[in-house]
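Trainee: Produce the entire structure from the sequences given, and follow the hints as far as they go.
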Amino acid sequence: MVDYTTDELLTILMARQVTNKDVMIVGVATPIVWSAFTLAKVTHAPDAIFHYLMGNTFVWEARQVSLLWLELGAASRCHRLHNTGECTLELLPHDILTTIEFFRPAQIDQFGNTNNTVIGDWHKPKVRLPGAAGIPDFSGLYSAGQHLYVPRHDKRTFVPAEKLFFRSGVGFVDGTRPLTDYGLIGRGPKFVITNLAYLDFDPKEHRMRIKTVHPGVTVEEVQENTGFELLKAPDLKETKPPTETEVRILREKVDPLGIRKLEVLTGKERAELLEEIIRKEYSRVDRMPPRL
Amino acid sequence: MKDKIMSLKEAIELYVEDGDLIGIGGLSFWRKATAATREIIRQKKKNLGVVSFVGGICADMLIGAGCLDRIRTSFIGMELFGLAPNHRRAVGAGQIKVFEETEATIALGLKAIYLKLPFLPLRGLLETDILKVRDDIKEFNCPLTGDKLVACPPIQVDVAIIHVPYADEKGNGNIQGPVWLDDDLAKTAKKTIVTCEKIVETEDIIHFQGKGQIPMQKVDAVVKVPFGAHPTSCFPFYTYDADHMMKYIQYCQTADGFKEYEKEYIAVASHEEYLEKIGGIKEILKIMT
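Respectively, the protein sequence lines represent chains L and Y.
If you want my numbering, it's the position in the first sequence, counting the first as 1, plus 3.
If you want my numbering, it's the position in the second sequence, counting the first as 1, plus 2.
Any given hint could turn out to be false.
Unchecked claim - Using 25 Å as the maximum straight-line C-alpha spacing, the simulated BS3-like pairs for lysine-lysine come out as follows:
{"#": "1", "chain 1": "Y", "residue 1": "K134", "chain 2": "L", "residue 2": "K129"}
{"#": "2", "chain 1": "L", "residue 1": "K283", "chain 2": "Y", "residue 2": "K249"}
{"#": "3", "chain 1": "Y", "residue 1": "K99", "chain 2": "L", "residue 2": "K127"}
{"#": "4", "chain 1": "L", "residue 1": "K207", "chain 2": "L", "residue 2": "K166"}
{"#": "5", "chain 1": "L", "residue 1": "K283", "chain 2": "Y", "residue 2": "K288"}
{"#": "6", "chain 1": "L", "residue 1": "K271", "chain 2": "Y", "residue 2": "K249"}
{"#": "7", "chain 1": "L", "residue 1": "K214", "chain 2": "L", "residue 2": "K158"}
{"#": "8", "chain 1": "Y", "residue 1": "K192", "chain 2": "Y", "residue 2": "K46"}
{"#": "9", "chain 1": "L", "residue 1": "K129", "chain 2": "Y", "residue 2": "K99"}
{"#": "10", "chain 1": "L", "residue 1": "K271", "chain 2": "L", "residue 2": "K283"}
{"#": "11", "chain 1": "Y", "residue 1": "K226", "chain 2": "Y", "residue 2": "K265"}
{"#": "12", "chain 1": "Y", "residue 1": "K200", "chain 2": "Y", "residue 2": "K172"}
{"#": "13", "chain 1": "L", "residue 1": "K166", "chain 2": "Y", "residue 2": "K134"}
{"#": "14", "chain 1": "Y", "residue 1": "K150", "chain 2": "L", "residue 2": "K193"}
{"#": "15", "chain 1": "Y", "residue 1": "K261", "chain 2": "L", "residue 2": "K129"}
{"#": "16", "chain 1": "Y", "residue 1": "K200", "chain 2": "Y", "residue 2": "K226"}
{"#": "17", "chain 1": "Y", "residue 1": "K284", "chain 2": "L", "residue 2": "K283"}
{"#": "18", "chain 1": "Y", "residue 1": "K118", "chain 2": "Y", "residue 2": "K189"}
{"#": "19", "chain 1": "Y", "residue 1": "K6", "chain 2": "Y", "residue 2": "K200"}
{"#": "20", "chain 1": "Y", "residue 1": "K118", "chain 2": "Y", "residue 2": "K150"}
{"#": "21", "chain 1": "L", "residue 1": "K127", "chain 2": "Y", "residue 2": "K140"}
{"#": "22", "chain 1": "L", "residue 1": "K235", "chain 2": "L", "residue 2": "K158"}
{"#": "23", "chain 1": "L", "residue 1": "K127", "chain 2": "Y", "residue 2": "K48"}
{"#": "24", "chain 1": "Y", "residue 1": "K99", "chain 2": "Y", "residue 2": "K134"}
{"#": "25", "chain 1": "L", "residue 1": "K127", "chain 2": "Y", "residue 2": "K134"}
{"#": "26", "chain 1": "Y", "residue 1": "K279", "chain 2": "L", "residue 2": "K283"}
What the hints assert, rightly or not - To list a few chain L residues with every Cβ distance to chain Y over 12 Å, as calculated:
{"#": "27", "residue": "Q67"}
{"#": "28", "residue": "G148"}
{"#": "29", "residue": "G230"}
Everything labelled a hint here was simulated from the structure, so no lab data went into it.
All C-beta atoms, glycine included, are put in the ideal place defined by N, C-alpha and C.
Mentor: Next up, the structure:
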């Protein structure tokens, strides 16, 4: 079996979700998502188009993932410069333009409702998080379903509905009624990719279930790290592991500096990697990230 | 022709009043009007509000310095470097009022100003808790179809502060890279201050990519401040200063720590002194594209 790390597994599983006709929305400070889209673009989805929120731009070409010089690729090689108003309107989940976007929730419940706003009471939060950006606007609208990822699958993130501090992203609400009853025209959350499993939602009960478990992980382990009872898909099986080619292209071409790892690592290890990336990027003579 | 070119000190004295809602352009680490923000802090403006599509170090410094009493952003943070430290502390302590915004509530809030409308409708936010913490955003039924929609109120900015690479003496501002909501902020605000890397002739603006996205008829002051977005970026000249961002976060671990930062980097006699303090030519060459 091919050796791979957690960040590589997540990136590769997310890359596999991209189709050749997608507009791939790259948010701010989400290098796993950017790496996944870039990997998809240089492998199975050559016609997919980057949309950088960072630049409000559409870009055809793929360049190496960068922490410090990303604006060069996003702004000077774009085919269109937007203002955000246009951008918000044009990129609302669309039935004709197939946009793909991944949200990373700070909390998620069994119905796929998410919180990126506060830990604790909104009026006097224990931790004020950055905010949910466009998630409250878009989460109820995706006709192809919402895509979610969680790099650290634990009970702090996967919480029962009553422990969700703030609903900033709407999933299946309380699971009892069709979404159209609430005025929501989207299909609700489609899946959650984590470091332990691929989770989707039971089509009748609208509750989260285990669809596949990653190699080396047990169903019990996934359940133990989840704050509510997970259903099990009737065809529950093991996740198809990353291939040697996927891992190699990701490591060598797409993100050789390992910027994606900043979403997974913590503490001293993360601080050291961050410092190493910064030094390497500032010491480059040619600032433009290499074209792939 | 009215002379719009002036010093940063004059521009902030003339156009920023206590209590104003300031619209700061840019996005988190990118093309933020930081030099203007430091001048606002030096002039000890009070009870300001900030509206930013995505907020970053400007709003955070203003909070740390006690200049803000309210904030309106869809997201505010230090990207992969962490949370906005002063913001997190002040909101946790209930020291500033948060208007929980989203991308669309800000984009539509500004559009409603152009259209002189009391609200613009949005097919979003339904079943989210945003509606519980914003009593000025309301659900309603569409008069034509009966669909459930949400009404987003206008956002009237008092003074927009936008940093751009190029501006002319008439007040045309050219943004070479991402525009974000900067043009809407400038065009809907009651007053607009443009800070720029270079002053050029109008002839040059005509030939630049994107031309004058910030229009002269809406601009009150033009201030030349090279590296006036440091430690954030200004495309196409320089990227953000990651080392200084980390230093800032380190200083801001406590409220007293921010005061130290303020003494060292904000309470300076001139922009030249600031650029010397941050490391001078060596640091400048490090971030140049």
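Trainee: Hints the structure violates: just list their numbers, smallest first.
Mentor: Checked against the structure, no hint fails, so every one of them is satisfied.
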